[in-house]
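Single-letter residue listing:
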Amino acid sequence: MEFLLQQAINGITIGAFYALIALGYTMVYGILRLINFAHGDLFMVGSYLGYTLVIALIISGLIPNLLVALLIIFLMAMGAVALMGALLERVAYRPLRRAGRLAPVVSALGASIFLENAVMLIYGPRYHVYPKGILPDIHWSIGGAYVTLVQLATLAVSILLMGGLYFFVQKTRLGTAIRAVALDHDTARLMGIDVNRIITLVFLLGPALGAAGGIMVGLYYGRISFVLGWGYGLKAFVAAILGGIGNIPGAMVGGFLLGIFETLAAGYIPGGGAWKDAIAFLLLILILILRPTGLLGERVVEKI
Amino acid sequence: MSKKLLVPITFLLVLSMAIGCKPAAKEPIKIAVQGPITGKWAYEGEGFVKCVRLLAEEINEKGGLLGGRMIEIIEADDKGEPSDSSLVAAKMVDEGVVAVVGSYSSTCTEPASAIYNEANILQITPSSTATVLTTKGYKQFFRTCFLDDRQGLFVAEKFKDWGIKKVFFLHDNSTYAKGLAEWAKKYHEERGGEALIDAITPGETDYTPMLTKIKGEAPDAIYFTGYHPDGGLLVKQARELGLMPDILFTAGNACNNPEFIEIAGKDAAEGVLVSTEPLPHDLPYPEAKEFIKKFEAKYGEPPASIWWVMAADAFNVIIEAIKATNSTDTDKMAKYLHEEFKNYPGITGPIIGFDEKGDRLGTIHKWYVIRNGEFVPYEK
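Read top to bottom, the protein sequences are chains P and F.
Our numbering numbers the first residue of the first sequence as 269 and each following residue consecutively.
Our numbering numbers the first residue of the second sequence as 9 and each following residue consecutively.
Keep in mind the hints are simulated off the structure, nothing from the lab.
C-beta: ideal position from N, C-alpha, C; glycine also.
No false leads were slipped in.
Reference excerpt, derived from the structure (chain P facing chain F, CB under 10 Å, subset only):
#1 Ser409
#2 Thr416
#3 Val495
#4 Leu496
#5 Trp498
#6 Gly527
#7 Glu530
#8 Ala534
#9 Pro538
#10 Ala542
#11 Asp545
Required output: the full structure, derived from the provided sequences and hints.
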């Protein structure tokens, strides 16, 4: 029982990261029908910017208050990566918007390779490790399962960000505009919505959330590398499909489910560690056979 | 050519051969050092040459071998490329070398060994550990390094000594790590131990599902055979999940890297054991201390890699074979090394002998323990 509880905590922690990154994929897909393969790398850039800022602001002693310092680090890195995301859209995707579906995907892959190599050349190819001991080492044992403060904080921040995004999209005027553009660009334009600005907004929001995830991965796990975005990006992409790509709550559900599947596969099947990904992806295939639009995806009625 | 000339020419030839037998003009014994003397592993190839030259000069100063024949070292640079390796091996055959030390990587040693085998030239590699090299039935091929299974054997024997019964072997599905984990598991089970085995996916950031599973199995020890970036993270997360100190965390030689400690964190890594070939300066044998002293005196720095010293041992083994058989005949030397060569005091430790495949018996692996963020030899 204590191990089941521990595995549930492990799975939810992993799933929270997948969910946070999956939102970036799903929002862009919802609005442009484009899979932004560079999203995982924007997440990785966020984690590297966080690393630099942690050293510059906390380790140097520039800002003695930890919470203030972390808030500034999150805001700065999220802002910078958001701008990078918007710039990426402007440079790599907008010129290709009317060029069919394949060209933007190739462009996205190119952007992904560019970002990975840029970070490798700037920071060097070795692993980087977030400085130890910046966050307080507080942990509890709940029924034999082990939970840390950082873990809970990470989870809380993830849920807060996801909830905030959901509220923004569902309840605000800008959010309504995003949903309108997702339904139909041309009609949205007729309703007086500036479609390009809405797309830019989506490319600001997704990468900002990704950057937050990147910093939290760094703070929680410590080790980051320039290929970090590849593994997380792939899993988050799968999570987005699992939940129903284009659907925001779906991405969250998909992220958590994938994290939990993986954990259970590794934890309860003998020799399952080696087969964990295969098992998780097999489950994905089964779900997609039964529900091709994903768990929460809706079949959009073709308009004639 | 007329028949008239044939007689004097034959006479002259015989005469010249007779002159050649005089002590002053004795034919040198040519020994090749093949390795990546230039290229990406030049560091290792250069080290081979330095070690072997040092030993050869010593022998020559004492008057050489086989009644005054000098040793001539011939450098065979294969640049670490298999294609160059074949070419340079063919060149060494033309040169008439009697034995070869080398090459460095298994990918270079393999094509060269086919050529040396065909030409029947004694070859000893100091550093190529691929199992396949000694499975071809070559009678004149040996190595002074140890196969990966020796590390597994060493680990299993130590676990038995320490009374560790249940071990969780964890690898990362790479050929090397999986092989080592499976060897160690096999030897551990042969010694009556209980073993479990599973793998992680390298490059991931969260190994807590696997570690929680291990915690549930409650083994006495974990032996992780993958590479240091994943090993470091495993140690960190294992510590966080409370696996230590109840479970002893041990790892293979791919974790012998300072980054392992950096990623795990100094505190988390404290007390973790790593099995690996010793660094040259940690070799406890008098032969090693003496060799390192001589090496430092000549080159101004100690030998940096264990493979350099393995090359010195490979050369010494060749010299022993020449001395013992009093010849440079490959068949005689190979037979001697297979059958009679026993318990030679090597620089990298006693060379118990070679098995029928040409692999070195025994092991020189050591445990290192992490103390205050440093690897220190662990004597137990």
